[in-house]
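Chains as they are written, first to last, in our numbering: chain V, 1 to 309; chain F, 310 to 729.
Hints are computed from structural coordinates only; laboratory data are not their basis. Predicted model only: the values in this text are computed from it and were never measured. Take these hints with a grain of salt, some might be off.
Said to hold, decoys possible - Listed below are several chain V residues computed to face chain F (Cβ distance under 7 Å; list not exhaustive):
id	residue
1	Pro23
2	Cys25
3	Gly27
4	Asn44
5	Ala58
6	Ser68
7	Pro75
8	Leu91
9	Ile92
10	Glu101
11	Ser121
12	Phe180
13	Glu181
14	Ala281
15	Phe284
We put the CB at the ideal spot given by N, CA and C, even for glycine.
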Amino acid sequence: MSITKYRTLKDVPKEEFLVAGTPLCAGCGALLVIRLFHKALGGNVVWVNAAGCVTLMATFPYTPLRSSWFYTAMPSAPAGAQGIRDALDILIKKGKLDPAENLKVVVITGDGAASDIGLQSASGAIHRGLDFFYLCVDNEAYGNTGFQASSLSPIGSGTATTKPTHLYPAGNVLPKKDLFEIWRSHRPPYVATISPSHVVDMLRKVEKALSFKGPKLFLALCPCPTGWGIEPSESVQLARLAVETGIWPLKEAVYGEVTHTHIPSKRRPVEDYLKVQRRFAHLFKPIKNEAVIAEIQKQVDEYWSKVER
Amino acid sequence: MSEKSDKNGEGDHMVLKMLTGSQAVAWAARLARAEYIPAYPITPQTEIIEILSEWVRKGEMEAIFVQMESEHSLLTAAGTAAATGARVFTATSSQGLLYGFEMLYSIAGWRAPLVLVNVARALAAPITLEPDHNDVLAARDSGFLQFHAESVQEALDFVLLAYRVAEDNRVLLPAIVNIDGFHLSFTRERVDLPEQSTVDEFLPEYKPVNPIRASEPVAKGIPVLIPPLYSFFKYQMHMASRNALNVFREAAKDFEKMFFRSYATVEEYMLDDADTVIVMSNSFAAVGKQAVNAMREEGRKVGLLRIRLFRPFPTDDIVKSLRGKKCVVVVDQNISIGKGGITCPEIAEALYHLEDRPKVILPVIAGLGGKSISLEEFRHAVRVAERLASLKAGPDGPLLLFREDEAMLVDSLLKIASGG
Numbered sequence: 001m002s003i004t005k006y007r008t009l010k011d012v013p014k015e016e017f018l019v020a021g022t023p024l025c026a027g028c029g030a031l032l033v034i035r036l037f038h039k040a041l042g043g044n045v046v047w048v049n050a051a052g053c054v055t056l057m058a059t060f061p062y063t064p065l066r067s068s069w070f071y072t073a074m075p076s077a078p079a080g081a082q083g084i085r086d087a088l089d090i091l092i093k094k095g096k097l098d099p100a101e102n103l104k105v106v107v108i109t110g111d112g113a114a115s116d117i118g119l120q121s122a123s124g125a126i127h128r129g130l131d132f133f134y135l136c137v138d139n140e141a142y143g144n145t146g147f148q149a150s151s152l153s154p155i156g157s158g159t160a161t162t163k164p165t166h167l168y169p170a171g172n173v174l175p176k177k178d179l180f181e182i183w184r185s186h187r188p189p190y191v192a193t194i195s196p197s198h199v200v201d202m203l204r205k206v207e208k209a210l211s212f213k214g215p216k217l218f219l220a221l222c223p224c225p226t227g228w229g230i231e232p233s234e235s236v237q238l239a240r241l242a243v244e245t246g247i248w249p250l251k252e253a254v255y256g257e258v259t260h261t262h263i264p265s266k267r268r269p270v271e272d273y274l275k276v277q278r279r280f281a282h283l284f285k286p287i288k289n290e291a292v293i294a295e296i297q298k299q300v301d302e303y304w305s306k307v308e309r
Numbered sequence: 310m311s312e313k314s315d316k317n318g319e320g321d322h323m324v325l326k327m328l329t330g331s332q333a334v335a336w337a338a339r340l341a342r343a344e345y346i347p348a349y350p351i352t353p354q355t356e357i358i359e360i361l362s363e364w365v366r367k368g369e370m371e372a373i374f375v376q377m378e379s380e381h382s383l384l385t386a387a388g389t390a391a392a393t394g395a396r397v398f399t400a401t402s403s404q405g406l407l408y409g410f411e412m413l414y415s416i417a418g419w420r421a422p423l424v425l426v427n428v429a430r431a432l433a434a435p436i437t438l439e440p441d442h443n444d445v446l447a448a449r450d451s452g453f454l455q456f457h458a459e460s461v462q463e464a465l466d467f468v469l470l471a472y473r474v475a476e477d478n479r480v481l482l483p484a485i486v487n488i489d490g491f492h493l494s495f496t497r498e499r500v501d502l503p504e505q506s507t508v509d510e511f512l513p514e515y516k517p518v519n520p521i522r523a524s525e526p527v528a529k530g531i532p533v534l535i536p537p538l539y540s541f542f543k544y545q546m547h548m549a550s551r552n553a554l555n556v557f558r559e560a561a562k563d564f565e566k567m568f569f570r571s572y573a574t575v576e577e578y579m580l581d582d583a584d585t586v587i588v589m590s591n592s593f594a595a596v597g598k599q600a601v602n603a604m605r606e607e608g609r610k611v612g613l614l615r616i617r618l619f620r621p622f623p624t625d626d627i628v629k630s631l632r633g634k635k636c637v638v639v640v641d642q643n644i645s646i647g648k649g650g651i652t653c654p655e656i657a658e659a660l661y662h663l664e665d666r667p668k669v670i671l672p673v674i675a676g677l678g679g680k681s682i683s684l685e686e687f688r689h690a691v692r693v694a695e696r697l698a699s700l701k702a703g704p705d706g707p708l709l710l711f712r713e714d715e716a717m718l719v720d721s722l723l724k725i726a727s728g729g
């Protein structure tokens, strides 16, 4: 990796852009990611938001952000970013705006907006080479509306619309879309997965992305205490388990070239990650659903068998 | 005025051109120095965005033209760009307007004063290309100002007026300029093309309020979860829209001084001694005026009132024009299924409390999906209204105009469709 200012947790910038006092849940993985991500981004940011949990960060008359915020609509935050970026560019070009007033434009959405209703507008913005960041805080369901399944909900998870029943003992039977690969297929300058448990990895990735012009896309796995059925104090631990079991690979793609930034030396069994969450409880009680657990393990093993060491 | 226009090039003189409605609104966007044009193609709007993209690509307009992937995204980008401080122009039509519908309310709520040309086209299903006004009137309650153009000249002038009114600090609302697809968008008429310097004088640079800047962070579009706040902001929008009536009148006065064309919120055509008044809007009003001419020759005291500014609704001017008349025939080129026309109840409500209100207000549906309106149909509607007045009776529902020759045509097509 190229020269970085981030070596240990001590290198996390002290400056806060997201201050205390948001209405988001205790232990929200997304909130932690946004706070750390913003530190690496630095100031002069406008966040462009689609409907989701984080929409509630700023409710009139309060905002916990020291940067700007624009809530657009659920399907079209990337298009909102397009309008802001283009407007700043043309105003600066025409000499109507001091270049010191320029901003980094950052889309922030949940997984539902990213993978379902807003996939089209994201694809459009990436295709047009828009100079922006996209941070998808993925808690693997529609958290803000009560945790219904999205196309980023993993197989085997119980959500408000994929409750395990005797007809559907696995809960969600649909696979998680591979949003990293969907984004990567557009060949943007930078795509990465990040985790709130691997902070230095995250900061280095943001640092690297800052050097590119064009779409810079981040997919963050964000444990959700209320939806996943974990204690708020366990969020970071769960995020770490997702990495250590190999369920959440940490990687980046520069102009489509994939590199894994963290390869677990010995992967823990997926069961360690699944069994501590209420959303997977039906896979263990009243009888253990060996088939589904084995299928999840098999998918993870197959993924890593293709990763070059 | 036209002789004067022929003298080219000096100061505020104008150039005469033959332009389509589409070309005229593209020229208006150029003259307004629109600097951001997000677009997505849809028939019959395409000529507008083709022209603008070419001008930008040739460097004739200093603007960013970006082709989006949908009208929903187009409207989102248009709104955030206007909120960031760029003068934004865009155009769409019909299904496109409805596809982006959610964002109309958002843009208005953001108080982002952009100008959107809607090239009217009837809504699916059944899908068609010809115009009526269900598309533009679907946006009636969104907070957008609405200018409805009859002629190519009006189409051009209304875009300039729309920017001036929308960007006024007493208004700060987006605007739709409606031109009827095909009938106006692709019809060539003689147009006085204003000089750039005069337009610059009429339309100063857009100065955004609370734009997004590094030095002054803002939070825009955020939730108001306390109900009185929601009501408060909606009432503010309403009052801003009502302000637009006088702002429009002021702007129209300046416009007349600079361009020698005068616009009121409504146009009165042969109204002074009229007993019966036909109310219309947009390009088909030209056909209505022809019918008025013909009926006048037959000795009937008929006139026409055309609504130019539909939002804000010019209640006072409509009252002034229609009070004391015997019959009002409201020709709605739209249909609210299960009720009737959209304009008629608004006219009726405006007149209800007057002592000298018209005896009859006849709701008429005509011209849906581009169906022509013949002289005989106008005559029939006027006759029905006048008969009701003499009987001291009211209409029992809207009059749905349809001709015998059309019924025969439809009948023959139905036979083919059923294999008979």
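Regarding the hint that V/Gly27 lies at the interface with chain F, is the smallest CB-CB distance below 7 Å? For V/Gly27, the interface hint is violated, since the closest Cβ of chain F sits about 22 Å away, which is over 7 Å.
Restraint check, 7 Å cut-off on beta carbons, for V/Glu101 near chain F: holds, 4 Å
Have a go at the V/Pro23 hint: is there a Cβ in chain F nearer than 7 Å to its own Cβ? violated, 9 Å
Please verify that hint: V/Pro75, Cβ, nearest Cβ of chain F, below 7 Å or not. Interface hint status for V/Pro75: holds (6 Å vs cutoff 7 Å).
Please check whether V/Phe284 passes as an interface residue: C-beta within 7 Å of a C-beta belonging to chain F. Not OK, violated: V/Phe284 not within 7 Å of chain F, min 38 Å.
Holds or violated: V/Asn44 as interface residue toward chain F, Cβ cutoff 7 Å? OK, holds: V/Asn44 within 7 Å of chain F, min 4 Å.
Hint check: is the beta carbon of V/Ser68 less than 7 Å from a beta carbon of chain F? With a closest approach of 5 Å, the V/Ser68 hint holds.
V/Leu91 as an interface hint toward chain F, with CB separation required under 7 Å: holds, 6 Å
Hint validity - V/Cys25 Cβ closer than 7 Å to any chain F Cβ: violated, 16 Å
Quick check on the hint: V/Ile92 CB to chain F CB, less than 7 Å? Violated, about 11 Å.
Any CB of chain F closer than 7 Å to the CB of V/Ala58? holds, 5 Å
Proposed interface contact between V/Glu181 and chain F, which counts if any beta carbon pair is under 7 Å: violated, 20 Å
Of the numbered hints given earlier, the model fails hints 1, 2, 3, 9, 12, 13, 14 and 15; all others are met.
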